[in-house]
Amino acid sequence: MASIDIQGVGKSYGAVPVLHEVDLSIQDGEFVVLVGPSGCGKSTLLRMIAGLEGITRGDIRIAGRVVNELAPKDRDIAMVFQSYALYPHMTVRDNMSYSLKLRGTPSERMAQVVNAAAAKLGLESFLDRKPRTLSGGQRQRVAMGRSIVRKPKAFLFDEPLSNLDARLREQMRVEIKKLHRELGTTSIYVTHDQVEAMTLADRIVAMNAGAVQQVGTPLDLYERPTNLFVASFIGSPAINVLDGTLHGDGERRFVALGSGETMPVSDRIQGRDGQAVRVGVRPEDVQVSTRGEGDHTGQIELVEPMGLGTILHIRTVSSALKAFVLERAHYQIGTDVAFSLPAPKLHIFDAQTGQRLPDQAVSP
Amino acid sequence: MTSSARSTPYWILHYGLLALYVAFALFPLYWLLKVSVTPNNLLYSEGIRLWPSRSSLAHYTFVLAHSDFPLFFKNSLIVSGSTAATVTLIAALSGYAMSRFDFRGKMWLVGLMLITQMFPLVMLVAPIFKLFSPLGLTNSLTGLVIVYTAFNVPFATFLMQSFFDGIPKDLEEAAMIDGASRFRAFRQIILPLTLPGIAATLGFVFTAAWSELLFALMLVSKADASTFPVGLLSFVSKFSVDFGQMMAAGILALIPACLFFLLIQRYLVRGLTAGAVKG
Ligand SMILES: Nc1ncnc2c1ncn2[C@@H]1O[C@H](COP(=O)(O)OP(=O)(O)OP(=O)(O)O)[C@@H](O)[C@H]1O
Ligand SMILES: [Mg+2]
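Residue numbers (my numbering), protein chains in the order written: chain A, 3 to 366; chain B, 10 to 288.
Hints listed in this document are in silico derivations from the structure and should not be mistaken for laboratory results.
For each residue, glycine too, the CB sits at the ideal point set by N, CA and C.
Check each hint, because a few of them may be wrong.
[Said to hold, decoys possible] Sample of chain B residues at the chain A side, in silico, Cβ under 10 Å:
id	residue
1	G114
2	V162
3	D174
4	E182
5	A183
6	A189
7	S190
8	R191
9	R196
With the hints as constraints, model all of the structure from the sequences given.
And the structure:
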């Protein structure tokens, strides 16, 4: 177990930069999830930590020691690949014990450790089989087993669940979380699935286009996204974004939408009068009423029942937005509804930069 | 569509065409066999028939007991075996490098290797002879091994590279993270998975060296370093061609090649089906 420090790390392939100035420090035992859209450099960063990819700029430290020039084998980390990368010509047992064998572990000790890991993952009856005879889920477990047999300084996961079906993914997610509880090993987990990120992480690192956008607890990112990218990336169904202009006449602050409608915003928002803004509002924060109680009106365009609740697609004069409602009322397509957008729940971003407008709470 | 769903005429056509092709491809071999067992006095007197009225193994006995053929045969085995082993070893390493590493001048190297495959070897006979004779490499099996190795490495490298390309990079990365050096990962994880490729390369190079005539003829003038293709020519004398003995020698020369492929076919077949299992 160890802390991992990433300082000013950059990566370029030839002249093409793919990672810019990444700073991140991960504490001992922490579970950090790197999340971001495809091609944003998550895998590249993970592979740099593993030593599979060279570091163009900056330093990576594992347990306080700079590892920039250290070969993967000397970094003492374990990695679970998206493809599982099981050795096809070896049995499950040999796959799991390979790393121990390389370290010259005595065979009784090896058998003991492998059996314990197999028991933990429910792999006892597969130990003598070759990987190709296993199902996807079983292969995934073997890949996990391979990394837990030794006590590495850190676990690295590169989208380990993306080849599994939804049900199995949910199940393995829970197992990974339990395993982390039990072993307490520092873990870095790459995914582009924001649900996985939210549920697993102690802290999430949201990345886009080779740069870290925000680092924080899942709820930090959910409730106080630092920019429009994080706001739209985290959360499902995705956040609604409306274009408008910020106005402040004396005490009251409000945003005027393109349609001329206005909505009040928190008066702590720091912004210029007339500033072009984009307003984010999470679907569950849209308060819908069929009895006309609300500041805005619209019409239900589409209904997506989810079981837990229902997603309503509402069309207004100028825009379209989604609302997530819990009550089981029967919403009909075409029904006129009223809704309101509560000021404290609105996320206001600058339209140009996409950055969250500061509010007094953080910048006195 | 499953195979049982296809109709009988389909299968008749299917096997008919295959049989036609096989007959066409194997007929010269059959003729080789036929002539090799035809006694000399029947060779010209019986006209064209599929099998002589009387067959004998006399040609074989003669070739084995009274000609230099066993020596040629041994020379060929040594040359082809060493060439195959050397080329495969070099190609495995260079093919791996080509497949996995990006290095400066890689494009140039590939280009140069391709160029060596482009022009007729006849052009090289004179310069190589000039180079080899002061070094004592003419009239020597070592000389032949060197030449064959040099000519076969480029193609074998491309062949091995394509096999390595088929093996996911993740595997050796996983091994390196597990604690192996790159070379150990190559040896313990990648090589065992490339056995079909190694077998194919061995087979290809072995047969190429086994049947090579040009350099064997030009670089070697003494019988004690001749390989069997050169030896076969010795059955052509000034006044006649001893077809019976020549064919018998030819049949004998097929044996090692067949044995060799029998030995490696297990891996070859696995190589052909390897892609089918995935997913
Ligand atoms: N060998 C390479 N040469 C050039 N560019 C590369 C190379 N490897 C990766 N890249 C580029 O680096 C960027 C980041 O790639 P990376 O694999 O880290 O993305 P990712 O965030 O893991 O995406 P995904 O979710 O699809 O796995 C991509 O734009 C990719 O095209
Ligand atoms: Mg990736």
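Verification of the supplied hints:
no.: 1; hint: G114; result: 15 Å, violated
no.: 2; hint: V162; result: 27 Å, violated
no.: 3; hint: D174; result: 15 Å, violated
no.: 4; hint: E182; result: 5 Å, holds
no.: 5; hint: A183; result: 4 Å, holds
no.: 6; hint: A189; result: 6 Å, holds
no.: 7; hint: S190; result: 6 Å, holds
no.: 8; hint: R191; result: 8 Å, holds
no.: 9; hint: R196; result: 12 Å, violated
Violated hints, listed in ascending order, are 1, 2, 3 and 9; each of the other numbered hints is respected by the structure.
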